[in-house]
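Sequences listed follow chains A and B, in order.
Note that the numbering used here has the first sequence beginning at 1, numbered continuously upward.
Note that the numbering used here has the second sequence beginning at 171, numbered continuously upward.
In case anyone wonders, no lab produced these hints; they're calculated from the structure.
Hints are not guaranteed to be accurate.
Unchecked claim - What the simulated footprint calls covered on chain B by chain A, stretch by stretch (three residues with Cβ under 8 Å from a Cβ of chain A suffice, anywhere in the stretch; the number is not a length):
1. 173 to 179
2. 186 to 195
3. 223 to 233
4. 443 to 450
For each residue, glycine too, the CB sits at the ideal point set by N, CA and C.
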Amino acid sequence: MEPASQPTGRAAILSTLRERIVAYAASRYERESAEDLAQEVLVVIHEKYPQVERMEDLVPLGFQILRFKLAAARRKAFRHGDHLASDADLLLSPDPDPEAEAERAQRMERLVAALARLGDRCRDLFRLKLQGKGFAEIQALLGAESLATVYTWDHRCRKHLLDQMGGRWA
Amino acid sequence: MNAREAEKLLGGYATGILTEAERSALFAAALSDQDLFDALADEEALRELLSDPAMKARLMAALETKPKVIPFWRRPSSMTLAASLLVAIGATLMLKRQHPEEILPKPSRPAPVMEAAPPPKATVPEPAKASPKVDFRARVDKAPAPVEKKLAPPPLPPPPPSAPAPAEASLDAAMVQAPAERRESNKTAQGVAGGAVGAFMLARSKAPTWTWDKDATGHPRLTVSWGPGGHLYLLERSVDGARVLGPTSESEGRSVFSPSGTLPLDLYWSNAPVSHPENLPAEGPVAGTRVRIQPPQENPR
């Protein structure tokens with residue numbers, strides 16, 4: 001599987017990553033705060049993770065920081081006055097946030113209920129994925145004709161599960 | 171790999187099963203396609219959840235226990251519903267076959283007509299306590315009725331010994347004992363007297379009552395009492411004709427008659443006076459009510 005044309009170099013990757021984050025934040029949160037949010041993410045990557053160079057590491061790192069930033073921004077909207085920067089360090093904090101823990105517990109309950117409503121094949125597929133089996137192994141275990149078939153099954157099951165969750169994982 | 175192909179790898183990102191090549195292809199496609207990037211960013215929430223070993227273990231347990239799917243034919247509620255429907259359909263079909271006219275809606279019909287009364291029975295008044303050896307019999311004539319060739323009283327069955335014996339007979343009692351005859355009589359009275367008003371007035375007036383006893387010589391004696399609003403006539407009939415015993419047109423009172431004791435008597439009661447009561451018919455419709463009073467018979471005991 002050949003990778004798509006990708007920006008090479010850390011600066012180029014972060015620049016592209018910033019554009020995607022701004023667009024994403026604008027669609028999911030607030031357009032006015034999207035620039036600031038993307039800037040916050042890049043600042044954290046730049047300051048905390050200067051050693052990360054590869055795209056395969058920078059992109060998921062950017063997703064992780066972005067998620068915490070968005071959660072902090074939403075909490076801030078309730079608190080009125082807290083600065084985003086004060087919550088940005090939460091993702092690096094070893095102490096769990098009680099509110100975040102509660103949200104996770106609720107998300108877990110929804111996920112369990114949604115999985116119970118899936119068909120047998122989707123449940124088997126999800127179970128094998130949780131066991132760490134790759135798509136090639138799943139193909140052999142489920143007797144799929146090709147790897148593309150497994151991709152298609154997984155894509156449909158994921159969509160079905162997302163629908164059962166109400167269209168969003170969070 | 172374009173974004174559509176890379177989208178199929180999204181499901182492997184959260185569970186962390188993508189190979190290095192798949193990861194590279196997916197992230198490169200995400201950086202070049204905003205929709206895929208957004209989907210991947212949304213997937214981060216699930217990835218974060220599944221990265222917790224405790225959460226992962228719980229999900230595994232939930233997936234191991236297969237949800238129990240009970241076929242509908244083994245569910246008690248489904249069986250109950252099916253049985254109820256079956257019984258209802260069966261009962262409906264059975265009833266429809268047995269009584270189809272009751273299942274179908276009935277057409278509107280006029281008011282029901284009263285059924286005909288049972289055949290008239292001879293009313294047999296029991297003897298009074300004062301003279302237990304005498305039978306008192308009264309019979310209400312039907313109108314129309316077959317013409318009697320002989321005026322001799324027809325043989326009547328003896329009264330049951332255990333039956334209670336009324337002290338006196340009355341027209342009301344006769345009418346009560348023979349409702350069909352009473353209706354016929356009323357019908358006749360209405361038709362001949364020329365209106366329902368007269369019959370109503372007659373019904374409102376006090377009906378005559380009579381008792382049999384014996385005078386000092388042992389001859390049968392009939393005592394008749396009647397109230398206002400009616401005219402009473404008593405005729406004794408024989409093969410030679412009718413003999414008016416009277417009274418003729420008294421409005422109210424009480425009279426004692428001395429009939430032969432062997433011939434039947436006709437008691438007429440009308441709401442209008444009759445100029446020639448001897449011509450009152452023995453059969454057929456009359457202007458009022460007619461009651462045949464049988465002569466007393468000696469008790470065989």
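Given that the region 443 to 450 of chain B was listed as covered by chain A, double-check it with a C-beta distance under 8 Å for 3 or more residues.
It is violated, with 0 qualifying residues against the three required.
How about the region 173 to 179 of chain B: do at least three of its residues have a C-beta closer than 8 Å to a C-beta of chain A?
Satisfied; 4 residues make the cut.
Chain A covers the region 186 to 195 of chain B, three or more CB atoms within 8 Å, holds or violated:
That given contact holds, which follows from 10 residues of the region 186 to 195 of chain B lying within Cβ reach (below 8 Å) of chain A.
At least three residues with a C-beta closer than 8 Å to a C-beta of chain A: is that true for the region 223 to 233 of chain B?
Coverage by chain A holds here, the residue count being 7 at a Cβ distance below 8 Å.
Violated hint: 4 only; the structure is consistent with all others.
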